[in-house]
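Q: Could you fit the two chains together into a complex? Lean on the hints.
Chains as they are written, first to last, in this note's numbering: chain D, 12 to 182; chain S, 30 to 396.
Rather than coming from a laboratory, the hints here were simulated on the basis of the structure.
Just so we're clear, the structure is a prediction, and the values are computed from it rather than from any experiment.
Please note that the accuracy of each hint is not assured.
With the Cβ distance kept under 10 Å, some of the chain S side facing chain D (calculated, not the full set) [claimed, not checked]:
#1 Ala-78
#2 Tyr-79
#3 Met-80
#4 Gln-81
#5 Arg-83
#6 Ile-84
#7 Gly-85
#8 Asn-87
#9 Pro-268
#10 Leu-350
#11 Trp-353
#12 Trp-356
#13 Thr-357
#14 Leu-358
For every residue, glycine included, the Cβ atom is placed at its ideal position computed from N, Cα and C.
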Amino acid sequence: MIVRKPQLSLTQKLYLPEILRGLMITMRHFLRRKSVTYEYPEKAKPVPANFRGLHRLIQRPTGKERCVACELCLTACPANCISMVATDPNDPNVEKFPLRYEIDTLRCIYCGFCEEACPCDAIELTPHYEQASSRREDFVHAKSRLLENNQFVPEGERISRVKTNETYLRV
Amino acid sequence: MEGGVGIESHLFMDLILDLLPILVKMLVGFFVVLTTTAYLTLAERKFSAYMQDRIGPNRVGPFGLLQPLADGVKFIFKEDVVPNHVHKVFYIAAPALMLVPALLGYVVIPFGDSIELFGRTITLQIADVDIGILYILAIGGLSVYGLFMAGWASNNKYSLLGGLRASAQMVSYELTLGLSVVGALLVYGTANLRQIVLHQTEYWTLFGSIQVPHWGIFLQPLGFVLFLISAFAESNRLPFDLPEAENELVGGYHTEYGSMKFAMFFMGEYTGMITISALTVTFFFGGWHIPWIEHAGLTHNVVAALGVLAFLAKTACFLFLFIWVRWTLPRFRYDQLMSLSWKGVFPAALLNVFGTALCLYVLRRPM
Ligand code: SF4
Ligand code: SF4
Chain D
12 MIVRKPQLSL TQKLYLPEIL RGLMITMRHF LRRKSVTYEY PEKAKPVPAN
62 FRGLHRLIQR PTGKERCVAC ELCLTACPAN CISMVATDPN DPNVEKFPLR
112 YEIDTLRCIY CGFCEEACPC DAIELTPHYE QASSRREDFV HAKSRLLENN
162 QFVPEGERIS RVKTNETYLR V
Chain S
30 MEGGVGIESH LFMDLILDLL PILVKMLVGF FVVLTTTAYL TLAERKFSAY
80 MQDRIGPNRV GPFGLLQPLA DGVKFIFKED VVPNHVHKVF YIAAPALMLV
130 PALLGYVVIP FGDSIELFGR TITLQIADVD IGILYILAIG GLSVYGLFMA
180 GWASNNKYSL LGGLRASAQM VSYELTLGLS VVGALLVYGT ANLRQIVLHQ
230 TEYWTLFGSI QVPHWGIFLQ PLGFVLFLIS AFAESNRLPF DLPEAENELV
280 GGYHTEYGSM KFAMFFMGEY TGMITISALT VTFFFGGWHI PWIEHAGLTH
330 NVVAALGVLA FLAKTACFLF LFIWVRWTLP RFRYDQLMSL SWKGVFPAAL
380 LNVFGTALCL YVLRRPM
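The following block holds chain S by itself, in its conformation from the complex (with noise of 0.2 Å):
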C-alpha cells in the first residue's frame, strides 16, 4: 500500500516538474511579448521623433520610459462606447479576434537553444511543433477575420473599406508569405523551427579557414527579401497600411473603436509584428546562434543564455528596420499594392521555389 503511494506521488512530483518549466517559460514569454509591445510604441514614438528632428515624448517618468504605463492606464480608464449603428456581437468579438492570434503566434517560436537544470533538459521554447511554420502561417491568417469583422460590424463606409482592402491584401500576401518560404523549406528540408535554426548553426568552410554559418539569408537571399516584403504587408505596417490610411478612410477599420478595444487592435498589430520579426530572424539569420561561439570554449548553459540575448538583440533589429521603414516611405496606392503582390512579389516567389528545387536537384543528385 504504502508503497503504490509512494510511487503515485512520485509520479505527481514528476509530472509537476514537467509542467512547471512550461508554465514559466509560457508566463514569462507572455510577459516578455505584452512588454515589448507596450514599450514599442514608445520605441516608434520615438524613432519616429528622431527622424523627424523631433524630442518624442519626455514628460511621464525620466526620458519618457513610463509613457507606456500612462497609455494603459487611459485606454482602461476612457469610457467605453458601442455606438448604436453597429452589430454588438461581432463589434466586440473582433478585437478579440484581432488579438489572440496574435498572442498565440509566438508560442512556437525558439527563442534559445536547451539549457541544463536539475538533471533536466529544458528547450527554451513554448511549444516545439514539428510543423510550426505552418501553425504560424494559420494563425496569422486567422487575424484577417478580426479586421474584416470590425470593418463590417462597424457599419460606417470607411471602416468598411478598410476591412475590405484588409482582406484582400492579407489574402494576396498570405499566398506570397508562405511561397517565400517554400524555397527555405526546401533546402532546410523540414517544417520545424527548431529543427531550421539546429540545421543554421552548421558552417561552411571558405578559403581554407573562414567559416560562414548555413544562415538562410545565405541560401535564400531572393527568398529573404520578398519574405520581408510580405511580411510588412501582412503586418499592415507602412508602406502597406491601407486597411487603416488615415487620410483617406479616417481610421479605416478601427474607425467607431475606441478605449480598451482599440488598444487591443494597437497591440495586435504590434504583437504580430513581433512574432514576424521573430520568425524572420528564425527562418534567415540563424534563430539564437551567435557565429563562431562553439570555438569560444564556454559550458552549454552559458551559450544558450547568450543564446537568448542573440536572439533577442536580432529580433529588435528587424522591430526596428519595421519602424525605420514605416517613417520612410510613402503610402502605396492600392492598385500598386495588388500589383506589387501579384506581379510582382508572386512571380518571383515561384521562381524562387522553382530554382531552389532545381539547384538542389542538381547538387544533391547521387553521382
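One chain only, chain D, in its complex shape (with noise of 0.2 Å):
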C-alpha cells in the first residue's frame, strides 16, 4: 500500500499555529463546563424502556404469577439457568402452575429469551440493575422473590395488559 504523506501548509508546519487551534478547542470545553457525568449513586442515568435488567415474574389481578409452568422459556433460555417444578393447581381451570421457578442470575445472560418465548406474558425483565451482594445466594431468585420484583416497574404496569383466556385469569 502506497502511504501518501497529506501536504501540509507552511503554518501547519510551524505547528504552533495549529497548537494555538487546539489549545483554543479545549478551553472552550473547559469555559463551557457542560458536563455529561451522571453522578451515579445519586443520580442514576435513565435506562430505555426495552432495557434488560432482572426479571419479574407479572402477576394476576389477585396477586398470584400468570405464569402456567408451560416451561418455554426454560427451554428457550441459552444459559440453563431457569428451573422449574410444576405441579397441579387442583383447579378444574387451571391444568399447571409452578411450584417452585428459580433463575440463577449469576447464570443468566440478559438475553430477554424467555421473556419473548412466554405465551402468557408472564415474564419479563424489568429496568431494575443494581443487584450488588456479597452472597451467592442472593442472586438465585425464588418464585416469591421474582413476584416481589414487581416493585422495580412502576404500579400501573404490573399488571400484564395483554388479553388472555378468561376462565384461567379468574384463579
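A: Laid out in C-alpha cells, this is it:
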C-alpha cells in the first residue's frame, strides 16, 4: 500500500499555530462547563424503555403469578438458568402452575429470550440493574422474590395488559 | 567582664535575628511548594475533567478539595513493595534523587521584593545567589539521574526503555533550555535572578506617554518560545512525556514503583513544574513586578506584599498552561522529539544568541 503524506501548508508545518488552535478547542470546553457525567449513586442514568435488567414474574389481579409452567422459557434459555417444578393446582380451570420457579441470575446473560418465548406474558425483564451482594444465594431468585421484583416497575404496569383466556385469569 | 557577656549576648541576638528570617523563609517556602504540589495534582485532575466535559474528583470534602489529603494518606499507608528482581540500593535511592533536586531548585527564585521589618531589610528570596540561573540549571540536570537510575534499577524492559528515553531527552533539552536563556542573560548582563527582575522593573516610554515595562517577553520573544518548549520537555510533561508513555511503556521508569516511592516521583515532577514556571515568570514576565504600580503611591511594604501575590498569580498562570497543554496535545514520537530538539530548537536558540549579541553590539557601541 502506498501511504501518501498529506501536503501541509507552511503554518501547519510550523506547528505552533495549529497548537494554538487545539488549545482554543480545549479552552472552549473548559469554559463551557457542560458536564456529561451522571453522578451515579445519587442520580442514575435513565435507561431505555426496553432495557433488560432483573426479571419479574408478572402478576394476575389476585397477586398470583400468570405463569402456567409451560417450560417454554426454560427451553428457550441459552444459559440454562431457569429451573422449575410444575404441579397441579387442583383447579378444573388451570392445568398447571409452577410450584418452584428459580432463576439463577449469576448464569443469566440477560438476553430476554425467556420473555420472548413466554406465551402468557408471564415473565419480563425489568429496568432494574442494581443487584450487588456479597452472597451467592442472593442471586438465585425464587418465585416469591420474582413476584416481589414487581416493585421495580411503576404501579400501573405491574399487571399485564395482554388479553388472555378469561378462565385462566380467574384463578 | 560584664561588658564582654553583654557584647556576646548582643552578637548572639544579632545572629538569631539574622538567621530567623532565613529559617522562616525556608519553612514557608517548603510548605507553600509542597502544598502547591499536592493541590496541583487536584487542579490537574479537575481541569482535565472540565476540558473533557467531566466533573472530576468531588467526593472528598467540598468540591473534592480534600482529595490531595486523602491521596497522601493512601500513599503512606499502602504496602511498600520492593520487587525481588530489582537492584535494591539504586531502586530505593532513585525516588529521593528525583525529589531532592526538585525541592532544591526553587530556593534561588526571588518571589518578592524586600520588606522593611523592625529596621531590617528582608529580601523575599531564600538564597540570593549570584549565579542563580546556573544553580537552577545544574540542580535541574541532577534529576535525570533519578529517572535513569529508576529505569535501570527496576530491571524491567519497559522501565529501562523509559529511563533511556528520559536520559536522552533530558540531555538534549537541557542544552536548549540553557541556550535559550543565554540571549536573555546577554540582555540583562547578570545571572543573579534578583538583579534580572530589578532590570525588568524599568520602563520604555512609547509615543511620549505609554510606558511599557522592560519585561523579558518583549526583549526576547523567540527566546521565550524556545525556553517554554524546552521547559515542557525538561519537566517531562506532555507532549514530551516519553519517559512514561503509558500506552507503550506501561508506566516507563516508574513501572515498578508503588506507594510513597511512586508518590515521590510524582511530587518531583510537579515540583519541577512549579520551579520551571517560577523561572519563566522571573525571566520573561518581570517576576514580582506589577506594571505601573510605582505611580499608585503605596508604601514599600505594601508594594512588596502585592508583588508576592503577583508573582504567585503569574506562576499559577504558567502552571495552568502546563495543564492546559497536557490535555490538548498528543505525545510526540521519539524521533520527532529528537529532531525537534536538534534540528529545530537548538539551531533557533543559537540563532537567537547570535542575533541578540549582534543587536547588543550595534546598540551599545560607543558612538
Ligand atoms: S434472560 Fe436469557 S439467560 Fe436470562 S433467564 Fe431469560 S432466557 Fe435465560
Ligand atoms: S414461558 Fe412463561 S408461562 Fe411458560 S413457564 Fe416460562 S414463564 Fe411460565
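Q: Indicate, hint by hint, whether the structure satisfies it.
A: Each hint, compared with the structure:
Proximity of S/Ala-78 to chain D holds as hinted, the smallest CB-CB distance being about 8 Å (cut-off 10 Å). For the restraint placing S/Tyr-79 at the interface with chain D, the shortest Cβ-Cβ distance is roughly 5 Å, inside the 10 Å limit, so the hint holds. For S/Met-80, the shortest C-beta to C-beta distance to chain D is roughly 5 Å, which falls under 10 Å, so the interface hint holds. Against a cut-off of 10 Å between C-beta atoms, the interface hint on S/Gln-81 holds, since the closest Cβ of chain D lies about 7 Å away.
Among the interface hints, the one on S/Arg-83 holds; its C-beta lies about 5 Å from the nearest C-beta in chain D, closer than the 10 Å criterion. Interface hint at S/Ile-84: satisfied, since its Cβ lies 4 Å from the closest Cβ of chain D, which is below the 10 Å cut-off. At about 9 Å, the closest approach between the beta carbon of S/Gly-85 and any beta carbon in chain D falls short of 10 Å, and the interface hint on this residue holds. The beta carbon of S/Asn-87 comes within 8 Å of a beta carbon in chain D, closer than 10 Å, and the hint placing it at the interface holds.
Interface restraint check: S/Pro-268 against chain D, minimum CB-CB distance 9 Å, threshold 10 Å, status holds. Taking 10 Å as the C-beta cut-off, the interface hint given for S/Leu-350 holds, the closest approach to chain D being about 9 Å. Taking 10 Å as the C-beta cut-off, the interface hint given for S/Trp-353 holds, the closest approach to chain D being about 6 Å. Interface restraint check for S/Trp-356: the shortest CB-CB distance to chain D comes to about 6 Å, inside 10 Å, so the restraint holds.
The interface hint given for S/Thr-357 holds, since its Cβ lies 4 Å from the closest Cβ of chain D, which is under the 10 Å cut-off. Given the 10 Å rule on beta carbons, the hint for S/Leu-358 holds: about 6 Å separates it from the nearest Cβ of chain D.
Hint check: no violations occur; every hint is consistent with the structure.
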